[in-house]
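Engineer: Kindly generate the complete structure, drawing on both the sequences and the hints.
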Amino acid sequence: MSEGFKIEIVNPDKSFLSKENVSEVVVPAFEGEMGILKDHISIISFLKPGIIKVFTGSEEENFYVEDGIVEFKDNSLSILTSSVFNLKNSDKKHITNSIEEAEKELSKKEIDDQKKFLLNSKVEVLKSLNIN
Amino acid sequence: MASLDDLKKRISSVKSTQKITKAMKMVAASKLRRAQENAEKGRPYSDKMNKIILNLSNSISDKENSPKLLAGSGEDKVHLCIVMTSDRGLCGGFNTNIIKKAKSYFKKILEEEKILKIITVGSKGYDQLKRAYKDNIIEKISFKESKYVNYFDADKVGKIIIDEFEKKEFDVCVIFYNQFKNVITQIPQEQQIIPLKNSDSEKNSSEDNYEFEPEEDEILSNLLPKNISTQIFKAMLENSASEQGSRMSAMDNATRNAGEMVDKLTIQYNRSRQAAITKELIEIISGAESL
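So the sequence lines, in the order shown, correspond to chains A and B. Quick note: the numbering used here has the first sequence finishing at residue 133, numbered continuously throughout. Quick note: the numbering used here has the second sequence finishing at residue 418, numbered continuously throughout.
It should be emphasised that the hints constitute simulated quantities derived from the structure, not laboratory data. Model, not experiment: these values are computed from the prediction. Ideal Cβ positions, reconstructed from N, Cα and C, are used throughout, including at glycine. Heads up, none of these hints are tricks.
Computed from the model, here is a short list of chain A residues facing chain B with C-beta under 10 Å:
1) Glu9
2) Val11
3) Ser16
4) Ala30
5) Met35
6) Ile42
7) Ser43
8) Ser46
9) Phe47
10) Ile70
11) Glu72
12) Leu81
Structural biologist: Set out below in structure tokens:
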């Protein structure tokens with residue numbers, strides 16, 4: 002028996018990441034960050050903008066996601082998202098643009114609370130990325 | 128009988144047509160490879176999405192109050208049909224097959240005296256449908272500008288559908304597209320996306336208990352609109368692969384036919400040239416004899 006579990010990140014165009022033997026994954030679930038270890042109970046949840054952290058042994062990989070859903074079942078974690086990128090190859094200009102767009106969206110009056118919340122967290126996460 | 132010059136002209140014109148069809152075939156073949164790859168890469172996403180929704184909808188306890196996108200509006204009066212075709216022609220029976228399938232569905236709907244609404248995606252579909260169903264078409268969408276199929280476009284179509292649904296403009300939504308099986312075979316499909324149809328075979332396999340965070344309803348109401356876009360995106364990917372496949376085989380046929388025609392014309396050309404020579408010889412000989 003292996004010590005870890007399987008993770009798969011899929012976006013509409015392709016399978017973004019597929020990895021066996023992952024020891025821990027932290028996902029930005031809608032109601033707060035959620036750490037998933039092996040033999041976690043089956044769960045479905047959806048994501049808000051944030052960072053997915055994937056730990057394999059001592060290695061750590063970080064991905065930025067904007068939205069998506071996670072499903073964990075039988076020690077296999079699937080993350081479906083339409084926008085994801087690896088923090089290693091992130092592009093400062095792109096991030097700055099996204100922040101501007103989100104802020105523009107925020108300044109509109111007719112948005113509802115949920116959207117506001119999502120956009121706020123998006124801006125927050127992206128800004129923290131830009132500082133690093 | 129055509130003169131030698133005419134034959135020569137015809138041969139060269141058929142030859143240049145053959146060159147064009149051959150080039151189109153090559154282009155389609157290389158595009159097909161990419162489109163096919165994309166279609167295959169896109170499958171895991173839509174499959175997973177379907178599975179999760181299936182799991183969710185099975186575990187919803189209160190079926191009565193489940194989101195409308197899943198259960199439908201409870202009526203069956205207005206049908207919205209999304210007909211997805213290509214933007215370009217010269218691809219064999221590709222567009223015609225979809226239209227044929229869609230038209231037989233339209234007929235059924237109209238015979239049952241239900242209201243029909245159509246959205247066409249891709250300009251060829253609009254061209255073929257506008258004559259018979261002009262009043263039923265409520266929107267035409269075309270992605271001529273975008274070079275490759277992308278999720279952003281699919282999302283746009285999905286949003287239109289959801290907007291219309293929320294305005295209670297229709298009860299049932301069906302999409303028509305070609306499923307890519309292989310280069311020679313494309314199967315026209317009709318798929319109902321609102322209300323969502325569960326395939327019964329998979330029902331039993333998913334009796335696991337899930338934990339949900341937040342509540343089922345909330346997840347579902349977030350997920351279902353996404354699922355619509357995903358299904359549209361899947362249809363678009365399948366469609367683009369089918370289009371290239373269909374074009375490739377159509378152009379292959381055309382090239383072959385042109386080749387046959389060139390052969391036939393060349394034989395005819397040679398024969399009539401020979402006939403002209405013989406005729407001249409006879410004239411010279413009989414002229415010499417009479418001297």
